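Heads up: the sequence lines are chains A and B, in that order. In terms of our numbering, the first sequence opens at residue 1 and continues consecutively. In terms of our numbering, the second sequence opens at residue 1 and continues consecutively.
Hints may be right or wrong, so weigh each one.
To spell it out: a stretch of chain A is covered by chain B in this simulated footprint if at least three of its residues, at any positions, have a beta carbon under 8 Å from a beta carbon of chain B; those stretches are [unchecked claim]:
(1) 139-150
(2) 262-268
(3) 320-331
(4) 505-514
From the structure, some residues in chain B lie toward chain A, with a derived Cβ separation under 7 Å [unchecked claim]:
(5) 122
(6) 125
(7) 262
(8) 415
Hints were generated in silico from the structure; no laboratory data involved. Nothing here was measured: the structure is a model prediction, and the numbers come from that model. The C-beta atom is built at its ideal place from N, Cα and C for all residues, glycine as well.
Number of protein chains: 2
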Amino acid sequence: MSKHETPPRQKVYLYDTTLRDGAQREKLSFTLVDKLRITEALDDLGIDYIEGGWPLSNPKDEEYFREARRLPLRHARLTAFGSTRKKDTRADQDANLNALLAAETPVVCIFGKSWDLHVRLALKTSLAENLRMIAESVTYLKKHDREVVFDAEHFYDGYRSKPEYALKTLEAAAAAGADWVVLCDTNGGSLPGFIEEATRAARDALARYPETRIGIHAHNDADCAVANSIVAVQCGALMVHGTINGYGERCGNANLCSIIPGLQLKLGYDCISSEQLRLLTQTSHLVSELANLPPDPWQPYVGSSAFSHKGGVHVSAVREHSSTYEHIDPALVGNVRKIIVSELAGRSTIVMKAQELGFDLASHPETVSHILRTVKKLESAGYHFEAADATFELLIRRELGLYRRFFTLESYRVIVENIPGVGIRTDAIVKMRVNGERVVSHAEGNGPVNALDRALRNALERAFPELKRIRLSDYKVRVLAEKQGTESVVRVLIESTDGVREWGTVGVSENVIEASWQALVDSIEYGLLRRHSGSPKQP
Amino acid sequence: MSKHETPPRQKVYLYDTTLRDGAQREKLSFTLVDKLRITEALDDLGIDYIEGGWPLSNPKDEEYFREARRLPLRHARLTAFGSTRKKDTRADQDANLNALLAAETPVVCIFGKSWDLHVRLALKTSLAENLRMIAESVTYLKKHDREVVFDAEHFYDGYRSKPEYALKTLEAAAAAGADWVVLCDTNGGSLPGFIEEATRAARDALARYPETRIGIHAHNDADCAVANSIVAVQCGALMVHGTINGYGERCGNANLCSIIPGLQLKLGYDCISSEQLRLLTQTSHLVSELANLPPDPWQPYVGSSAFSHKGGVHVSAVREHSSTYEHIDPALVGNVRKIIVSELAGRSTIVMKAQELGFDLASHPETVSHILRTVKKLESAGYHFEAADATFELLIRRELGLYRRFFTLESYRVIVENIPGVGIRTDAIVKMRVNGERVVSHAEGNGPVNALDRALRNALERAFPELKRIRLSDYKVRVLAEKQGTESVVRVLIESTDGVREWGTVGVSENVIEASWQALVDSIEYGLLRRHSGSPKQP
Numbered sequence: 001m002s003k004h005e006t007p008p009r010q011k012v013y014l015y016d017t018t019l020r021d022g023a024q025r026e027k028l029s030f031t032l033v034d035k036l037r038i039t040e041a042l043d044d045l046g047i048d049y050i051e052g053g054w055p056l057s058n059p060k061d062e063e064y065f066r067e068a069r070r071l072p073l074r075h076a077r078l079t080a081f082g083s084t085r086k087k088d089t090r091a092d093q094d095a096n097l098n099a100l101l102a103a104e105t106p107v108v109c110i111f112g113k114s115w116d117l118h119v120r121l122a123l124k125t126s127l128a129e130n131l132r133m134i135a136e137s138v139t140y141l142k143k144h145d146r147e148v149v150f151d152a153e154h155f156y157d158g159y160r161s162k163p164e165y166a167l168k169t170l171e172a173a174a175a176a177g178a179d180w181v182v183l184c185d186t187n188g189g190s191l192p193g194f195i196e197e198a199t200r201a202a203r204d205a206l207a208r209y210p211e212t213r214i215g216i217h218a219h220n221d222a223d224c225a226v227a228n229s230i231v232a233v234q235c236g237a238l239m240v241h242g243t244i245n246g247y248g249e250r251c252g253n254a255n256l257c258s259i260i261p262g263l264q265l266k267l268g269y270d271c272i273s274s275e276q277l278r279l280l281t282q283t284s285h286l287v288s289e290l291a292n293l294p295p296d297p298w299q300p301y302v303g304s305s306a307f308s309h310k311g312g313v314h315v316s317a318v319r320e321h322s323s324t325y326e327h328i329d330p331a332l333v334g335n336v337r338k339i340i341v342s343e344l345a346g347r348s349t350i351v352m353k354a355q356e357l358g359f360d361l362a363s364h365p366e367t368v369s370h371i372l373r374t375v376k377k378l379e380s381a382g383y384h385f386e387a388a389d390a391t392f393e394l395l396i397r398r399e400l401g402l403y404r405r406f407f408t409l410e411s412y413r414v415i416v417e418n419i420p421g422v423g424i425r426t427d428a429i430v431k432m433r434v435n436g437e438r439v440v441s442h443a444e445g446n447g448p449v450n451a452l453d454r455a456l457r458n459a460l461e462r463a464f465p466e467l468k469r470i471r472l473s474d475y476k477v478r479v480l481a482e483k484q485g486t487e488s489v490v491r492v493l494i495e496s497t498d499g500v501r502e503w504g505t506v507g508v509s510e511n512v513i514e515a516s517w518q519a520l521v522d523s524i525e526y527g528l529l530r531r532h533s534g535s536p537k538q539p
Numbered sequence: 001m002s003k004h005e006t007p008p009r010q011k012v013y014l015y016d017t018t019l020r021d022g023a024q025r026e027k028l029s030f031t032l033v034d035k036l037r038i039t040e041a042l043d044d045l046g047i048d049y050i051e052g053g054w055p056l057s058n059p060k061d062e063e064y065f066r067e068a069r070r071l072p073l074r075h076a077r078l079t080a081f082g083s084t085r086k087k088d089t090r091a092d093q094d095a096n097l098n099a100l101l102a103a104e105t106p107v108v109c110i111f112g113k114s115w116d117l118h119v120r121l122a123l124k125t126s127l128a129e130n131l132r133m134i135a136e137s138v139t140y141l142k143k144h145d146r147e148v149v150f151d152a153e154h155f156y157d158g159y160r161s162k163p164e165y166a167l168k169t170l171e172a173a174a175a176a177g178a179d180w181v182v183l184c185d186t187n188g189g190s191l192p193g194f195i196e197e198a199t200r201a202a203r204d205a206l207a208r209y210p211e212t213r214i215g216i217h218a219h220n221d222a223d224c225a226v227a228n229s230i231v232a233v234q235c236g237a238l239m240v241h242g243t244i245n246g247y248g249e250r251c252g253n254a255n256l257c258s259i260i261p262g263l264q265l266k267l268g269y270d271c272i273s274s275e276q277l278r279l280l281t282q283t284s285h286l287v288s289e290l291a292n293l294p295p296d297p298w299q300p301y302v303g304s305s306a307f308s309h310k311g312g313v314h315v316s317a318v319r320e321h322s323s324t325y326e327h328i329d330p331a332l333v334g335n336v337r338k339i340i341v342s343e344l345a346g347r348s349t350i351v352m353k354a355q356e357l358g359f360d361l362a363s364h365p366e367t368v369s370h371i372l373r374t375v376k377k378l379e380s381a382g383y384h385f386e387a388a389d390a391t392f393e394l395l396i397r398r399e400l401g402l403y404r405r406f407f408t409l410e411s412y413r414v415i416v417e418n419i420p421g422v423g424i425r426t427d428a429i430v431k432m433r434v435n436g437e438r439v440v441s442h443a444e445g446n447g448p449v450n451a452l453d454r455a456l457r458n459a460l461e462r463a464f465p466e467l468k469r470i471r472l473s474d475y476k477v478r479v480l481a482e483k484q485g486t487e488s489v490v491r492v493l494i495e496s497t498d499g500v501r502e503w504g505t506v507g508v509s510e511n512v513i514e515a516s517w518q519a520l521v522d523s524i525e526y527g528l529l530r531r532h533s534g535s536p537k538q539p
């Protein structure tokens, strides 16, 4: 190799178990359609192995494999999951192994015990029979031409308890022809130093089987699953098991969204292409959307706040030298930088935020000063613009004369009445002028804010039928000054969506109804403005 | 040392920055009262250093230190945070350093630059002047008898870029007498292998300064903050910076809730006492409650699902041999196994709680079953008794026939009206029977709950003048089901006091007014019961 050639980068194989181990997460369940859609997204992302389910344990999983086989996957290999044969039976008569073959996947993954304690307590069999169970199961699957992944369940606990035996279970699988032996930290409690020691021992023990490669399967109970996976790769593991967003039972599985960029961008391993890496953020969001779990804004690499910046001085520095304030370029993983308007907001924050919104304020210093004063005044009254980009944009638009009033309030009234035995009734009456006309509208609701929201929409829907597409997706109340009990100032945050994008608005008052009203009105006005004015113009 | 003696365990010092770096998390803001309450909880937990704020950057933080100095802390040392002196000035004339001294804390933490690139681009000064800024700032603070922590900002990035200079900045601080030099992974992008290498280099460079010890300050941008902190300790760091729940800007700071049990239970370091470790889960929940962020159920060690178990066979195995299915005993960190709570431990929780309140339920199994069913039903509807001891006691009293009605509601009505130009008006009307008499009362308020509270008191004060001593000290609103916007279920928590003791009550409804009413009524009833019945009797 001449010194101008780059050495070929070591390939690390990615094994996704979002659909199987990930779905063990409490309150998470995927439909068949969800699972197929995720399978395609994982294939697009460049995942090498997709573990789709456990055919024998779950009839839905059998159906999945029937459908998934027909998907036009370009790269990923479908994998069926199950266990080694039962004790004291023949592999070719084992229902579980035969269900795995019936799934007709190119790859099969079986788990077996590597911890002597579990062989005795859970399997209630001898250590020798356990080794036979592993060997004969692998042999049987290899005879049917499957690529075989052996999951050494509780390997790290086993190595802690009885290292020679734990290593013997790996050798049993390797000697029988397993393509992969995967070291599992099933209880998730190991720390990186121990992972390093035990993984090296496994690598040395398997050195005699050059056809068998090593993998790592980590759980996050000690908050180290990502680090443990990376350390194992550095000790010779060539396959990493994990899930999108780290979903999984208890504290979750190792998070592929963190492991992939870590291995590839920071350590130079070859996992997926650069184009595929840019799909990481959207894949993460798609899976959380299908799981019906809110995306974690603070998630490393792919979270919406992962590249956020606060504070004036700092923000101007970020602008000039982003690479010194960000551990990677967010675009590499398909994410974006986010500038937050906060208590510490400086001039440059306002300019940058306005730019993000399409306004160039760089040459309008007085406007910036004026906005800054307004922001500071409002913040000291309890407003909070971090989660209220739409209220902030409305504020800028007002300052720049780019604001349009859609309606003028004459009055609103909310009545909550509770008569025990009869029930709780809530009514809202809104009186306003819309397009020059006076409108009076009434609505009932299951709470005062809900009634007000409905009355407001009733009043506006004739003039603005597009309002139907705007709905509130989240409503939060925070009591600010606590010492005075119910006399406290209240801040209401509302998140809205029109199905395409989301925006946040804020209202502050001693009166929770009034604070909610402010946030409601901003939400509706912003939604209407977006639809009526398109993208903002320059001042 | 004879072989019967255990070697003394290495002490690792815990430095909590929840109140400063943690509060940088987007959407998080603590009130002064929150901050003081967290300070006390951290002291109870056994935290060694509490970084309370940055006096110069934030007037709220100056106020914090004035108040916090008066707290009766048993162990923790309050720490004020700031930066080294500005370039080309004198330390004794530096506003920031003098603000740090004015905070009158025993410990001061200052950050300075360790990355040559930032010295040039952000400070815009020479590498030599930066070393002087560090040394002179430390010297000045030591002259005023402070314990000095030097945060080597961007140390790991600096070590990557220009190792000799990064190490020189550490030596400058050590030579000037810094008690601690803390290695910061400010951008949070480092992986454990590199942390190990750079930390060892720092340790070797500082070997000449035996009075200066090393610390680690990690961020979670690469999803490795906990592992990085632990690895640094294994390389000689004796102080760990972090936050409760890993709060912090972008992807968060290193999570002390994971680091403490990792170091102490798995590696044998000495951080806090076993009794204090059992406060970990409740401290985590308290901080998330005050931050008004929902606790993360999947959080390692302290999450409500961290020790959950699915599946029948598995569950009975867990019961028999829990230690082989759990990486630690959840009780060690004050957490519980999930299946057991819903089946067995639920009973003992009730018996224990009743005992705490003066009732002996041990010999009343059916009563316990009945209370358990009621509690579970209410909890699944959104009630939360951890912060509502008074509502829980009222529930037990009702079950035991030890409950007395002081009044019967006929109806309440709340009206909020906003006429722009005229103002917002809030009225409440309460109709009830008190001691056989019908009472109708009206009150205005600055919000609907405040008006309701006043009307309720007006109605009762003639019959129960002692009500004047009871006042609400805190009022919190949490929206529970987020997906439906303003149709969500709302939980209201109220804290009350009669000047001697405090109690908490809870109300849940789709209607924020009704939820508040429930919590209000419980608060008043409980206050009256305490004064009228003295301490509870046995059933």
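Hint by hint, here is what the structure shows:
1. 139-150: Per the Cβ count (0), the hint is violated.
2. 262-268: holds (count 3)
3. 320-331: holds (count 7)
4. 505-514: holds (count 6)
5. 122: Result: holds, 5 Å to nearest chain A Cβ.
6. 125: This hint is violated: residue 125(B) lies away from chain A, its Cβ roughly 14 Å from the closest one there, beyond 7 Å.
7. 262: The hint holds - residue 262(B) has a Cβ within 7 Å of chain A, the shortest such distance being about 6 Å.
8. 415: Residue 415(B) check passes; min Cβ-Cβ to chain A is 5 Å, inside 7 Å.
The structure shown violates the earlier hints numbered 1, 6.
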